[in-house]
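Chain A is fixed; fit chain B onto it per the hints.
Number of protein chains: 2
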Amino acid sequence: MSHSSISDVLAGKYPVESIITVKGWIRTVRANPNFSFINLHDGSCFDPIQIVADKNLSNYAEIMKLTTSCSLSVTGKIVESQGKGQSFEIQADSIEIIGLVEDPDTYPMAPKRHSVEYLREHAHLRPRTNLIGAVTRVRNTLAQAIHRFFNEDGFQWIATPIITASDCEGAGEMFRVSTLDSVNPPLTDEGKTDFSQDFFGKEAFLTVSGQLNVETYCCALSKVYTFGPTFRAENSNTSRHLAEFWMVEPEIAFADLATVAQCAEDMLKYVFKAVLNERKDDLEFFDQRVQKGLIQRLETLSETSFVRMDYTDAIEILKNCGKKFEFPVEWGVDLSSEHERYLAEEHVGGPVILQNYPKEIKSFYMRMNDDNKTVAAMDVLAPGIGEIIGGSQREDRLDILDARMIESGLNPEDYYWYRDLRRYGSVPHGGFGLGFERLVSYVTGVANVRDVIAFPRAAKSANF
Amino acid sequence: MSHSSISDVLAGKYPVESIITVKGWIRTVRANPNFSFINLHDGSCFDPIQIVADKNLSNYAEIMKLTTSCSLSVTGKIVESQGKGQSFEIQADSIEIIGLVEDPDTYPMAPKRHSVEYLREHAHLRPRTNLIGAVTRVRNTLAQAIHRFFNEDGFQWIATPIITASDCEGAGEMFRVSTLDSVNPPLTDEGKTDFSQDFFGKEAFLTVSGQLNVETYCCALSKVYTFGPTFRAENSNTSRHLAEFWMVEPEIAFADLATVAQCAEDMLKYVFKAVLNERKDDLEFFDQRVQKGLIQRLETLSETSFVRMDYTDAIEILKNCGKKFEFPVEWGVDLSSEHERYLAEEHVGGPVILQNYPKEIKSFYMRMNDDNKTVAAMDVLAPGIGEIIGGSQREDRLDILDARMIESGLNPEDYYWYRDLRRYGSVPHGGFGLGFERLVSYVTGVANVRDVIAFPRAAKSANF
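Those sequence lines, one after another, are chains A and B. Mapping the first sequence onto this note's numbering, position 196 (from 1) lands on 196, and the numbers just tick up by one. Mapping the second sequence onto this note's numbering, position 300 (from 1) lands on 300, and the numbers just tick up by one.
Here chain A stands alone, though its shape is the one from the complex:
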């Protein structure tokens, strides 16, 4: 059953005149009584390969009836292509028809332009389209590059838990995980659900972040990262939110905020370069059909130094820029997308790393600065999207951490294991979080994150 990938054939891996076999699905077909042109696709690259079939083939009558998405095995000779575009095509010696398409007239992926909404409803068939095929390959390239970047730099991948019983991170936005009877759950004497009888012996949820867990490994192995699914039960029906999405969360020991920011910049540039090197074919499609100038933007980003700016300076810039914003700006406010994009797109004209935010708008675990007003937090803002990464140095001083927990309404005892890291050989450390689907969306220009994950999960939507 050995056969060649279309990617290898188009890349010239085999000499002209070689006899090879390729297997795939028909993208388009032009049939006439003397010879037919079949564009065959196997997902290994953006382009299909052209198959020339002539009437001498024993099953030519059946070949003339083929339609989009029929599956074939084609054996033939590689020849240089006469037409424009591709370098090579295949003159078929034999074509085995593997699978037909039942009722081609109603086939949901007929070769025409479909809306992204229509494609989402057919998420099991949409990888057969140019758009979703290209997204899938770029997504894969980005994921591989992320693992490679961290591995080459001595980071260890850690699988932090998906199911967590730490209900202290804001249970309102979390999904409960249970095996209790949903109609008649066991109750305690106080009439509450008796989770002691549940599978885990207590109430359990899906994780919203692996950060606190991965810090425990950071404080033993120095450089670690997570890359796994995280969950938010938020009812936000936007193009930037999913109920289930993948996060990358590196954590570095003996690191200050500057080290964390540099790691974020280096990682983004590394993965931009990887996708430019490895998936130029798919990027050209996105550049032509989805977002003009995309390749140029990625090339620029992968070479430009990211500007560092303090939050406090950014506020001054926004207040004095003369631009009218929907949300007014003042020291202490959380920046909106319009502010972030102004800074990156108009003021700097490139990526910016904003640093040292007011403690009131950031999480309890971020390290307090000496001014006692700001914390060592950072956001990476990129032109065309705004915030793409958020991170911080973590509070490594137990007394200050405890005070911040209490200020935030948390009970330090619930975090005894997180506090232990500060009791036993505490070190300065920090890290960041990257929403992987937002990265894929940014790199492909595909606006809605529901179109860059195989089977998107959102409010009222968990099909397939």
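Keep in mind the hints are simulated off the structure, nothing from the lab. For clarity, every value in this text was computed on a predicted model and none was experimentally measured. Everything hinted at is true.
The list treats identical chains as one, so a pair stands whether inside a single copy or across any two.
Below are the DMTMM-like pairs computed for lysine to aspartate or glutamate, each with C-alpha atoms no more than 20 Å apart in a straight line: (1) K192 - D181; (2) K362 - E173; (3) K362 - D334; (4) K319 - E345; (5) K273 - E303; (6) K202 - E173; (7) K202 - E121; (8) K460 - D181; (9) K202 - E234; (10) K202 - D181; (11) K273 - E152; (12) K13 - D153; (13) K362 - D310; (14) K460 - D414; (15) K13 - E80; (16) K280 - D153; (17) K280 - E152; (18) K460 - E203; (19) K13 - E152.
Frame of chain A, contents of chain B only:
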């Protein structure tokens, strides 16, 4: 804040006499009034590096009080080690004490032998031990090698959904995911839970496998794989089961069972070789302290051809081998671990790929063989563990698939999207599943899968 990893220093990356800085935690310390020896560890490799501190250091009085797990930054000169074992050590010019250990006498990870049960109760601190540190690095190496193996071979990584509303895969063993009120859920007129009011608008669960989903991408991109968490709400308190574990599931189009089996063999050998090449230090620890002969076993496995054997032949072998088994053997039974291990360890003396199992003991989606009694399924059995991989060619013929679903008590309409793959350009395809924790357990010799994942989840256990 730039410093060197201990791994690089011990590997001889820096010339002798170089002045460098290393940062890490104390493993052990021997202090006396004239000079002290500190073993400093940063997780970058198995071994700590020896620091020699003499009394001329300005803070020598404090250095003499240091204990296990205190964190330090040490700047000094690389010198050749006089003692046995390591090649290099560091003569400290200065030692900065970063973090102390609060009450060393009660520090839970004091330098002595702890039971694995005790370590599990301190899962946030156990990565500081030799055992869990080594497991973590080997686990990382295996994960990276798996991604590399598939990526180099043209596979695309697909993130199949974690939350699924397909309740047809055997809901009894699945975790429900919900945001409904757990005490008073909304009810339908029939008194059942009204999941139409739940977050996803229907009852949702945690996935038990990404296979059916990933087949949709296989039938468009030819070579794909998943690597993500999966869940079983089984109350089995064994050393081989977790409620949350990671699975690797490749799926190959235009492939028969032989192709799938070869892929499984190639992948295992690739990852065994990777860990032998990259983590010899940790493997030597496991070989000495956990399972004698482990390195030899991995070396042999990575070179040996895996024997193929039909289930039917295996049954004959087991019936006639003269050995008394706890569970009797007869054609049609599912093999137990004792049978699998006899075949691999005693009969073959190496890994075996068992093929073509009775349809009654296998899943509906496995391809029916021409004998109408067996399906094109395979299990990889390895010495010392038994089944490590299970896979099959998938049923690509719609009529037979439908018949098998009905036989298995399933409603084909619930699987309309899975059936569509057989209606529109169906192709022979197949794949396998590898439980990642079982692989890590096998490679390290660490018997209980709870000790090869950071924070294990099992019945009555979801701490941290």
